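Same order as they appear, the protein sequences are chains H and P. Mapped onto numbering that gives the first Met the number 0, the consecutive letters of the first sequence carry residue numbers 0 to 122. Mapped onto numbering that gives the first Met the number 0, the consecutive letters of the second sequence carry residue numbers 0 to 404.
The set of hints was computed from the structure by calculation and includes no laboratory data. Computed from a prediction, not measured in an experiment: that's the story for all the values here. By construction, the Cβ of each residue, glycine as well, lies at the ideal position given by its N, Cα and C atoms. There's no promise every hint is true.
Beta-carbon label-pair distances, calculated as ranges [said to hold, decoys possible]: (1) 79(H) / 314(P): 49 to 55 Å; (2) 47(H) / 19(P): 46 to 52 Å; (3) 21(P) / 1(H): 18 to 24 Å.
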Amino acid sequence: MPLYSTVIRDRFRRPRYRGSIERPDVSGEDVNPLCGDRVRVQARLDDGRLVEARWTGDCCAISAASADVLLEMVTGQPAARVRELTPESILERLDSDIRPSRMKCVALPLTVLQGALAKEATP
Amino acid sequence: MNLGERCRRDFPILSRVVNGRPLVYLDSAASSQKPASVIEAVQRYYETSHANVHRSIHTLGEEATELYEGARDAVRAFIGARGREEIVFTRGTTESINLVAQAVGRTLAAGDEILVTELEHHSNLVPWQMVCRDRGTVLRAVPVLPDGYLDLDAYARLLSPRTRVVALAHVSNVLGTINPVARMVEQAHRAGALVLLDGAQAVPHLPVDVTALGADFYAFSGHKMLGPTGIGVLHGRREVLERLEPAWGGGEMIKEVWIDHAQWNDLPWRFEPGTPPIAGAVGLHAAVEYLGKLGMAQVSAHEQALTALAMEALGRIPGVSLYGPANPEMKGAVVAFNVEGIHPHDGAAALDLHGIAVRAGHHCAQPLMKRLGIVGTLRASFSVYSTALDVQRLADGVAGILGEL
Numbered sequence: 000m001p002l003y004s005t006v007i008r009d010r011f012r013r014p015r016y017r018g019s020i021e022r023p024d025v026s027g028e029d030v031n032p033l034c035g036d037r038v039r040v041q042a043r044l045d046d047g048r049l050v051e052a053r054w055t056g057d058c059c060a061i062s063a064a065s066a067d068v069l070l071e072m073v074t075g076q077p078a079a080r081v082r083e084l085t086p087e088s089i090l091e092r093l094d095s096d097i098r099p100s101r102m103k104c105v106a107l108p109l110t111v112l113q114g115a116l117a118k119e120a121t122p
Numbered sequence: 000m001n002l003g004e005r006c007r008r009d010f011p012i013l014s015r016v017v018n019g020r021p022l023v024y025l026d027s028a029a030s031s032q033k034p035a036s037v038i039e040a041v042q043r044y045y046e047t048s049h050a051n052v053h054r055s056i057h058t059l060g061e062e063a064t065e066l067y068e069g070a071r072d073a074v075r076a077f078i079g080a081r082g083r084e085e086i087v088f089t090r091g092t093t094e095s096i097n098l099v100a101q102a103v104g105r106t107l108a109a110g111d112e113i114l115v116t117e118l119e120h121h122s123n124l125v126p127w128q129m130v131c132r133d134r135g136t137v138l139r140a141v142p143v144l145p146d147g148y149l150d151l152d153a154y155a156r157l158l159s160p161r162t163r164v165v166a167l168a169h170v171s172n173v174l175g176t177i178n179p180v181a182r183m184v185e186q187a188h189r190a191g192a193l194v195l196l197d198g199a200q201a202v203p204h205l206p207v208d209v210t211a212l213g214a215d216f217y218a219f220s221g222h223k224m225l226g227p228t229g230i231g232v233l234h235g236r237r238e239v240l241e242r243l244e245p246a247w248g249g250g251e252m253i254k255e256v257w258i259d260h261a262q263w264n265d266l267p268w269r270f271e272p273g274t275p276p277i278a279g280a281v282g283l284h285a286a287v288e289y290l291g292k293l294g295m296a297q298v299s300a301h302e303q304a305l306t307a308l309a310m311e312a313l314g315r316i317p318g319v320s321l322y323g324p325a326n327p328e329m330k331g332a333v334v335a336f337n338v339e340g341i342h343p344h345d346g347a348a349a350l351d352l353h354g355i356a357v358r359a360g361h362h363c364a365q366p367l368m369k370r371l372g373i374v375g376t377l378r379a380s381f382s383v384y385s386t387a388l389d390v391q392r393l394a395d396g397v398a399g400i401l402g403e404l
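In isolation and in its complexed conformation, chain H is listed as follows (with noise of 0.2 Å):
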């Protein structure tokens, strides 16, 4: 039985969405407790969506893993639907079985870009 599934492997390995963008509209970026690890992530809005996703850190496989599924999830849509995202999407994404104490992991990027958001929408 492999460590990851395939899915997070993958990504971890060949990150689809790493990288930074030179004028953000918003961008956020926080500590995981568990680990001290940092996620950054920077995107650009046309009109209330995510145009364009980027992101960053130091991290775990699966925060690595999670932060990318998500930007590829994310771009293209409105910034209103990614508010209403949750963790369990990303881990169906992911799929993988994700132990408690490593959900946290999971969630980190997706707790970055909405913090970004909801800061971004309080004028």
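Given the coordinates of chain H, work out where chain P should sit on it, guided by the hints.
Frame of chain H, contents of chain P only:
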């Protein structure tokens, strides 16, 4: 048969199978496993003698008190304290340190300095940050050098008449560095400071004589030294404890109470408000007996040999970097390491698939991680029941980590 193989049979949990493989438990620095004698002592206490201690005028109360105070005597002898009044039972190292921070903190004034080091566990750092917040004292830290030792020249420079407290780990929980504490205590005392030593990673692994070390306070936990969780010890020098106000109030810590004031109890009970962890003390007594029978010099030699073996075996694996002193004789029973390109949590999860339990992450020492420029490490740590086979299985597991991802 060596010490590890002999001891293994005394620890029921070590016969467990995890993920289809025999358990290899290498997380003893976080919490050690318990021998049957400790488990049985706690169970026997609950089955035959449990009652509240000190003021229960009935047979069970007398028995519980005798057991609780008997544990104090055993701990006193184990760490070489001068008297039983110097042994305060707490819930653990963290509570012991907070007790000192609260009690000593009250005597400090704005501008006084507290000196810690960069390799402290958060439990010997955050309580002092809180004192600084409340009292206006200043926190200073002795740097850690790249080879894992404290910068002792900087230590000498940082000590000044303003230094009121030095709070320092005896053994680093990450790097394993055994700090030259006897000498550092002497220097601190010359500067007029009180010294607290965090002995959480020392008492389970090395012969410790608190009187010879000379620190004013020495804190450690039961659960890292084969005892139960929820019991810890604060050793305080009698002369220092006598002049401190208790940190916390409650029952048990008083002689007489009026509606508007109270008279404190004698040492050590003055610092033990409320019902103490009686069963924990009983279990700790059994743990101290177990370690005492093995002999701490033998325990230390056994664990040092395993540390050397692990450093050698892991150091041979391509992509593995080790942290802390290169000389295993200068280290406690821990080996911190990383595998290139692998996050420590992924590494630990991969090892767990093979039944190998190691610690991963910042080990509650984030300032040290920042100093080392890393997010975390993997950490294998040993106890009396660890064996060369454990080390071999660890090395095999680590060599295979890259293939898991």
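Per the hint of 46 to 52 Å, is the separation of the Cβ atoms of residue 47(H) and residue 19(P) within bounds? holds, 51 Å
Go ahead and decide if the range 18 to 24 Å is satisfied by the Cβ distance of residue 21(P) to residue 1(H). This hint holds: roughly 21 Å between Cβ atoms.
Is the distance from the Cβ of residue 79(H) to the Cβ of residue 314(P) consistent with 49 to 55 Å? The hint (49 to 55 Å, Cβ to Cβ) holds, given that residue 79(H) and residue 314(P) are roughly 53 Å apart.
Checked against the numbered hints listed earlier, the structure breaks none of them; every hint is satisfied.
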